[in-house]
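Student: Numbering (the working numbering) for the sequence shown: 2 to 387.
No lab work stands behind these hints: they were computed from the structure. Honestly, I wouldn't trust all of these hints.
So the derived label-pair ranges between C-beta atoms look like this [what the hints assert, rightly or not]: (1) Ile-77 - Thr-320: 40 to 48 Å; (2) Ala-74 - Leu-331: 18 to 26 Å; (3) Glu-323 - Leu-175: 19 to 27 Å; (4) Ser-48 - Arg-132: 47 to 55 Å.
Every residue gets a Cβ at the ideal spot worked out from N, C-alpha and C, and that includes glycine.
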Amino acid sequence: MHAPVDSIKREVPNFIVPWVSDDDRENTPLFLSVGPSVVHCAFDLLSSLAFTLSRLEETLTIHRDLHGRFPSAASIASREQFLQRPIVDEYGLAFEQVLTHLLPAWRPEKRTLRVLISHDIDHIGIPFNLREILGHAIRRHCPGATAHDLLAVPFGAGPPTYLSCAQQLAEMELERGLDCEFYWKVSPPGQFDSGYDPFQPAARKVISWLREHGITNGVHPGYETFLNPELLRREVDQLTQLLGPGPLGGRQHYLRWAPETWLHWEDCGLAYDSTIGYADQGGFRAGTCVPYRPWLFFANREANLLEIPLVLMDQILFTGSEQDSLGLLLQLLNRCRSVGGVFTLLWHNTRFVAPRHKRLYTAIVDKVAAPEPKRLDRGKSYDSWC
2 MHAPVDSIKR EVPNFIVPWV SDDDRENTPL FLSVGPSVVH CAFDLLSSLA
52 FTLSRLEETL TIHRDLHGRF PSAASIASRE QFLQRPIVDE YGLAFEQVLT
102 HLLPAWRPEK RTLRVLISHD IDHIGIPFNL REILGHAIRR HCPGATAHDL
152 LAVPFGAGPP TYLSCAQQLA EMELERGLDC EFYWKVSPPG QFDSGYDPFQ
202 PAARKVISWL REHGITNGVH PGYETFLNPE LLRREVDQLT QLLGPGPLGG
252 RQHYLRWAPE TWLHWEDCGL AYDSTIGYAD QGGFRAGTCV PYRPWLFFAN
302 REANLLEIPL VLMDQILFTG SEQDSLGLLL QLLNRCRSVG GVFTLLWHNT
352 RFVAPRHKRL YTAIVDKVAA PEPKRLDRGK SYDSWC
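Generate the whole structure from the sequences, applying the supplied hints.
Tutor: In structure tokens, the structure reads:
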């Protein structure tokens, strides 16, 4: 079979098949030509695909973190150090080689990187919270934001800092031709929910501005909606009143997710989810960066919603230097580019106050916007994302 181009060889030096012994993996090629029109596959790739995409392994262990989430460290991908490779999409590259070998006249479509930046709006600065406002100066080193929220906002001189950050983020992304989405909350106050009201005028004004500029607004169900389908439905119904009938999608707060969540979201009539990622490691939790319709093993059918895997979130980038952070981002971006996938980045509006966060985010959007990636075509059913 023909050799892959150098750029693919760099990103995909070998093929990884979970649940296969190391000896078999090291000594056996994934595909072997046994004749002019016959290629033999050495492993059960279909099972590997199904198990990885459906997150079946997460149902086979009781390991959970303090927030009830499946921890990245418990995953096969993390333990065997391939979390930062989209192994399912890499199988697609192998299939391309096989088809080109069997059908010399066939040529695959050109793979094109797509980028989607989403923003979970966890806080908007309303209701008034003195501790958060003072935190702008003390923790986030932005005294101007503290002065604005203390002196200007009470007199109607502009929106609170956090709400203003949402619009600033959108403006940056529009200038660079990047796709972005904003996910809103309606959950009551709690230990992990700020309890803001997105129906109040300042928030509705920003939501309307985003809509007028062609930006998608979505849902961000609260902390307590995890594995609570009744509460989830109530919150989604309220957000639907605010945002319109859809198609709506979004992400679970705190990335609190389990395979059953797909069914709960489907029952609420949501079109897509973008929760499948880890809060402490960037990479490919489901082995892919291509949106897909999951298989529900417990229901023995395909889900009636799309999963748009989350590749990277902001807090992962704050543990090292700016150079290290950009290095990780570019590594994951190039992996997505090599397979023609969607590089998804979560950046909270609250992470756009501190000067160092602003600098890092500006560098990031400049990197992912050049060269300009293909825009996502948001068809009514979102099928065009696959």
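Student: Are the hints correct? Go through all of them and say.
Tutor: Verification of the hints:
1. For Ile-77 and Thr-320, the Cβ-Cβ distance of about 24 Å falls outside the hinted range of 40 to 48 Å, so the restraint is violated.
2. Restraint check, Ala-74 to Leu-331: a C-beta distance of roughly 24 Å satisfies the suggested window 18 to 26 Å.
3. For the hinted restraint 19 to 27 Å between Glu-323 and Leu-175, the CB-CB distance of approximately 24 Å keeps it satisfied.
4. Under the hint 47 to 55 Å, the C-beta atoms of Ser-48 and Arg-132, about 51 Å apart, fit the expected range.
The structure is inconsistent with hint 1 alone, although it conforms to all the rest.
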